[in-house]
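*Asks:* Same order as they appear, the protein sequences are chains P and C. Going by my numbering, the first residue of the first sequence is number 3, and it counts up by one from there. Going by my numbering, the first residue of the second sequence is number 57, and it counts up by one from there.
Any given hint might turn out to be false.
Estimated spans, in silico, between C-beta atoms of each pair [said to hold, decoys possible]:
id	chain 1	residue 1	chain 2	residue 2	range
1	C	98	P	12	40 to 48 Å
2	C	258	P	272	45 to 53 Å
3	P	275	C	258	31 to 39 Å
4	P	56	C	174	32 to 40 Å
5	P	83	C	360	30 to 38 Å
6	C	116	P	16	15 to 23 Å
Here are the simulated EDC-like cross-link-like pairs (lysine to aspartate or glutamate), alpha carbons at most 16 Å apart as the crow flies [what the hints assert, rightly or not]:
id	chain 1	residue 1	chain 2	residue 2
7	P	59	C	449
8	C	133	C	72
9	C	241	P	109
10	P	5	P	87
11	P	118	P	78
12	C	104	C	86
13	C	211	C	417
14	P	131	C	417
15	C	364	C	417
Facing chain P, a subset of chain C residues (Cβ under 7 Å, in silico) [claimed, not checked]:
id	residue
16	116
17	321
18	389
19	392
20	395
21	399
22	400
23	403
24	404
25	411
26	428
27	433
28	438
29	441
30	470
Hints listed in this document are in silico derivations from the structure and should not be mistaken for laboratory results. Built from N, CA and C at the ideal position, the CB exists for glycine as well.
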Amino acid sequence: MPKVVIDGRTVEVEAGTNLIDAGQRVGVQIPHYCYHPRLSVVGQCRMCLVKIEGAPKLQTACTTQVMKDGMVVKVDDEEVKAAQEGMMEFLLINHPLDCPICDQAGECGLQDYSFKHGQAFSRFEYAEKRIYPGRERIPLGPSVVLNMNRCIQCTRCVRFTEEVSGGGELGFFQRGARAEIGVFPGKELAGPLATCVVDICPVGALTSREFRFAERVWYLDRKPSLCTGCDVGCNVTIEHRKGAIRRYKPRFNPAVNDYWMCDYGRGTFRRYQELERLSTPTLRGAQGEPRPTGWREAIEALEQGLQNAAGTPIAVLASGSLTTEEAFVLARWADRLQTPHRATWREDGVERRIPNPNGGIRGSETEPNRRGCELAGLVPGPEGASAADLMEGDAAARCGFLLVADGDFGAAAHDPEVVERLRGADFMAVIGWAATPLARVADVALPVTTHAEREGTFVNSASRLQRFERAFPPPTGVRPTLELLIELLARRDAQWAGLTAPDVFGRMAQTLPALAGRTYRGIPAHGIELESGEDG
Amino acid sequence: MSAWEPVLSRNFGRTEARTLEGYRRGGGYEGLQRALGMEPEEVIEEVKTSGLRGRGGAGFPAGLKWSFIPKATDKRKFLVCNADESEPGTFKDRFLMENDPHQLIEGCAICCYAVGASTCYIYIRGEYGEPANILEQAIREAYEAGVLGERSLGKGPRIDIFVHRGAGAYICGEETGMLESLEGKRGQPRVKPPFPAVVGAFAAPTVINNVETLCNLPHILARGAAWFRGIGTDERNTGPKLYCLSGHVARPGVYEHPIGVSLEQLLDGAGGMFRGRQLKAYIPGGASAALLRADEARIPMDFDNLAKAGSMLGSAAVIVMDESTCLVRAVRRLAHFFEHESCGQCTPCREGTHWSAMILDRIEAGRGSAGDADLLVRVTRNMSGTALCALADAAVGPVRSLVTRFRDEVDAHVAGGACPLPYRPLFTAEAS
Chain P
3 MPKVVIDGRT VEVEAGTNLI DAGQRVGVQI PHYCYHPRLS VVGQCRMCLV KIEGAPKLQT
63 ACTTQVMKDG MVVKVDDEEV KAAQEGMMEF LLINHPLDCP ICDQAGECGL QDYSFKHGQA
123 FSRFEYAEKR IYPGRERIPL GPSVVLNMNR CIQCTRCVRF TEEVSGGGEL GFFQRGARAE
183 IGVFPGKELA GPLATCVVDI CPVGALTSRE FRFAERVWYL DRKPSLCTGC DVGCNVTIEH
243 RKGAIRRYKP RFNPAVNDYW MCDYGRGTFR RYQELERLST PTLRGAQGEP RPTGWREAIE
303 ALEQGLQNAA GTPIAVLASG SLTTEEAFVL ARWADRLQTP HRATWREDGV ERRIPNPNGG
363 IRGSETEPNR RGCELAGLVP GPEGASAADL MEGDAAARCG FLLVADGDFG AAAHDPEVVE
423 RLRGADFMAV IGWAATPLAR VADVALPVTT HAEREGTFVN SASRLQRFER AFPPPTGVRP
483 TLELLIELLA RRDAQWAGLT APDVFGRMAQ TLPALAGRTY RGIPAHGIEL ESGEDG
Chain C
57 MSAWEPVLSR NFGRTEARTL EGYRRGGGYE GLQRALGMEP EEVIEEVKTS GLRGRGGAGF
117 PAGLKWSFIP KATDKRKFLV CNADESEPGT FKDRFLMEND PHQLIEGCAI CCYAVGASTC
177 YIYIRGEYGE PANILEQAIR EAYEAGVLGE RSLGKGPRID IFVHRGAGAY ICGEETGMLE
237 SLEGKRGQPR VKPPFPAVVG AFAAPTVINN VETLCNLPHI LARGAAWFRG IGTDERNTGP
297 KLYCLSGHVA RPGVYEHPIG VSLEQLLDGA GGMFRGRQLK AYIPGGASAA LLRADEARIP
357 MDFDNLAKAG SMLGSAAVIV MDESTCLVRA VRRLAHFFEH ESCGQCTPCR EGTHWSAMIL
417 DRIEAGRGSA GDADLLVRVT RNMSGTALCA LADAAVGPVR SLVTRFRDEV DAHVAGGACP
477 LPYRPLFTAE AS
């Protein structure tokens, strides 16, 4: 592989690597706007000009590929700095500089590079600024709004629709200083990936209708997580303010969602805000109404229900929203009760596709971790009732005890018929974060965490196991799902007492061949591909 | 100059030369005849030896450009003739196509044969309706006579020529912008490398030559490289050259001279200055060339001498300005041209052409401030050599030369708060 020297640091890269990527490997940041690793290289913004030994003038790093040994590149250089300053000035002369009322402020490429590469004064006469009258808030489609005055004509969005999403809705119109972005006549930016153009827009020209003006970004706390909208398992960053999620942003994972995620997934956190939260344990009152109670009473009621059910079938119905660790603990609990009736509900929904370098990934299930739950052992034993038997047949009516976790298992949890069938069990316990119709009719309902409030692993549609972090703590009165399940299990097997997600993962690694030798902390950033056993 | 026999323009005004018969009577298609008797490599060698440099503006050696076309490739190759003559002040290609279309067709055929291209597109600017019709007519004739088509002149390879009319954008005269437009896309330059010789029209190896460059080929082939080398200033500046003379000149027009004629000599052959007025400044090579002062009128106008003087031969569009001309206004007009024609994709050109036009607006209107001349220097410096294609550098040419060579005129505008020159219409009652 050819070697290149960038600011005195030598790096060996694959032939054809461009200088921006090569620089990144040795910690040399080359500023750029139009370049994006997944879009065609156009060399338009001219921010990445660098000096190459032997070249008569500065060259754009994005268009320069390392083909053979001997290239010597200078980024920390007076001439390069002057060019960067010049480009920043050009980009800013016609920019509104209305950062205080711009949604992008705080995560803006212009602000960042101005600070780093620009100058502190303007030589431009304010009255001469070019503006696009009437083009300040143009809806490009249902989810994206364009403010042409803020655009720096990098055309990332145009290339995205041509090359990644494939819709080709956006075009570059007019010429020169009047050049502008727009949708082609009769089209709108409406595909499932539409909002990705907001992510790749380096400035405040494209904003998401959902998020714009919802929050100043510097108030947001960020944590790496996973989208729970389907079983693709898009890597996301949860951005929240004091536990109120404001948005999901896609997090780079070339093996899964690459740089993208779908608009549906972006909106899934709203469920946490729209559904009523189960905020305290409840018991079933005299008229069947939920009656708040304390945790100790609730767990005792559950244990009592189990005792009463002795000799009758006991069933566990899980949803794919449990983490693999939770499912593993629940399965061990079912082991102790010696019941074969343990099932994971699978629900198929709209097929979602996300492009990535390996030809893309698709998912069609509504829950993120059905595969992980089954891997952990939540599958019917011999003669055990399946999820369909419980939810669509009359298996529940034969049960003396039924535990449902998590209670918000998709559309079915809100279907009165399903609720009635499950309610046919003599005693029904529901573990869940939401006050679903099912939770409301449970003999005991136990409030637990949303996925943003807990940590663990999910296994996606391509059998990739991925870890996510807790974004923020649960509200008072709500217990972490794993902690609760561990407590239930520890009552029957004390050696589980006090275990945490990493500990449980360790036990899984000892029992499940697919995870042999793995540790929780050792899960690579891009996950583990379980079937071939390779790291991503 | 009297001994000079026109070469490229010898058929100008001879209307019969527009027909194949008439063209042949004047010795036409002998160059192609000779070329087809040679190996393609020999033709390239002959053109290399002649020292012919591109007449479109950049002055790149034509033979060398051809030799960049990969030999071992199974891809189809193309010749694209750049007839998008849109540099302000330039009108030589139009004369060539209108007066002598077969000269261009012959040149295209020779080039196709030399580089192994079977298809040639003549990309002609949209405004050139009449020349396009004349060319089409001549091409039809050439097909009928067997010059083009299945076997060129009965012994050569297949050669096809198509006329493609542009939609009227200056940027489509930039070679990669032209290729984009030819392919039906938005006309804006491509990133180079890869160069068109490797990845050109329809991703195939492509030679792009200017009309005048190609028109030289029949003569080089018919009369030999040595004859061609004998014309001009030196071995790097050879051959005949068409100069487009316009502005305050008694008889504006296209004049053919050996390359390297000076403005003084050019004016001598064109009746001198308009009404005998004093020369103030001139642009030697089209709107993108730096302005030269009257005391620089003896510089031989060839590639190297003009480059040495800080300007360029460009398309050899010589625009003459007399002492009544407000240079700020003239350059402002050019700046607006470039602002209008910038394609808008890259930052320094899009923003720089716009900004410099606005600064010149206020200087010309008498609203300029003391720092504006220096600001123009800084803005043009940031535009130089930083853009994706040559348009930004072209826009810098006249503006930079205004503030460096004619600084006092800029300062007079700023200091006086108005244009110091009285407005003088070109035609007044006393004369007409």
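*Asks:* Holds or violated: residue 399 (chain C) as interface residue toward chain P, Cβ cutoff 7 Å?
*Replies:* With Cβ-Cβ at 5 Å, under 7 Å, it holds.
*Asks:* How about residue 433 (chain C): closest beta carbon in chain P under 7 Å, or not?
*Replies:* violated (12 Å)
*Asks:* Given a cut of 7 Å on the nearest C-beta pair, is the interface hint for residue 395 (chain C) held or broken against chain P?
*Replies:* holds (6 Å)
*Asks:* Between residue 59 (chain P) and residue 449 (chain C), does the CA-CA distance stay at or below 16 Å?
*Replies:* holds (13 Å)
*Asks:* Please check whether residue 404 (chain C) passes as an interface residue: C-beta within 7 Å of a C-beta belonging to chain P.
*Replies:* At about 6 Å, which falls below the 7 Å cut-off, the nearest Cβ of chain P leaves the hint on residue 404 (chain C) intact, so it holds.
*Asks:* Take a quick look at whether residue 104 (chain C) and residue 86 (chain C) sit within 16 Å of each other, Cα to Cα.
*Replies:* Violated, because 19 Å separates the two Cα atoms, which is more than 16 Å.
*Asks:* For the pair supplied as a hint, residue 211 (chain C) and residue 417 (chain C), confirm whether the alpha-carbon distance does not exceed 16 Å.
*Replies:* The hint is violated at about 60 Å.
*Asks:* With a cut-off of 7 Å, does the beta carbon of residue 321 (chain C) approach a beta carbon of chain P closely enough for the hint to hold?
*Replies:* With Cβ-Cβ at 33 Å, over 7 Å, it is violated.
*Asks:* Would you say the C-beta atoms of residue 56 (chain P) and residue 174 (chain C) sit inside 32 to 40 Å of each other?
*Replies:* holds (37 Å)
*Asks:* Decide if the proposed pair is consistent with the structure: residue 5 (chain P) and residue 87 (chain P), CA atoms, cutoff 16 Å inclusive.
*Replies:* violated (29 Å)
*Asks:* Does the beta carbon distance between residue 258 (chain C) and residue 272 (chain P) stay inside 45 to 53 Å, or does it fall outside?
*Replies:* Given about 49 Å between the Cβ atoms, the range holds.
*Asks:* Min Cβ distance, residue 428 (chain C) to chain P: is it shorter than 7 Å?
*Replies:* violated (10 Å)
Hint compliance for this structure: hints 3, 6, 8, 9, 10, 12, 13, 15, 16, 17, 18, 19, 26, 27 and 30 are broken, all remaining hints hold.
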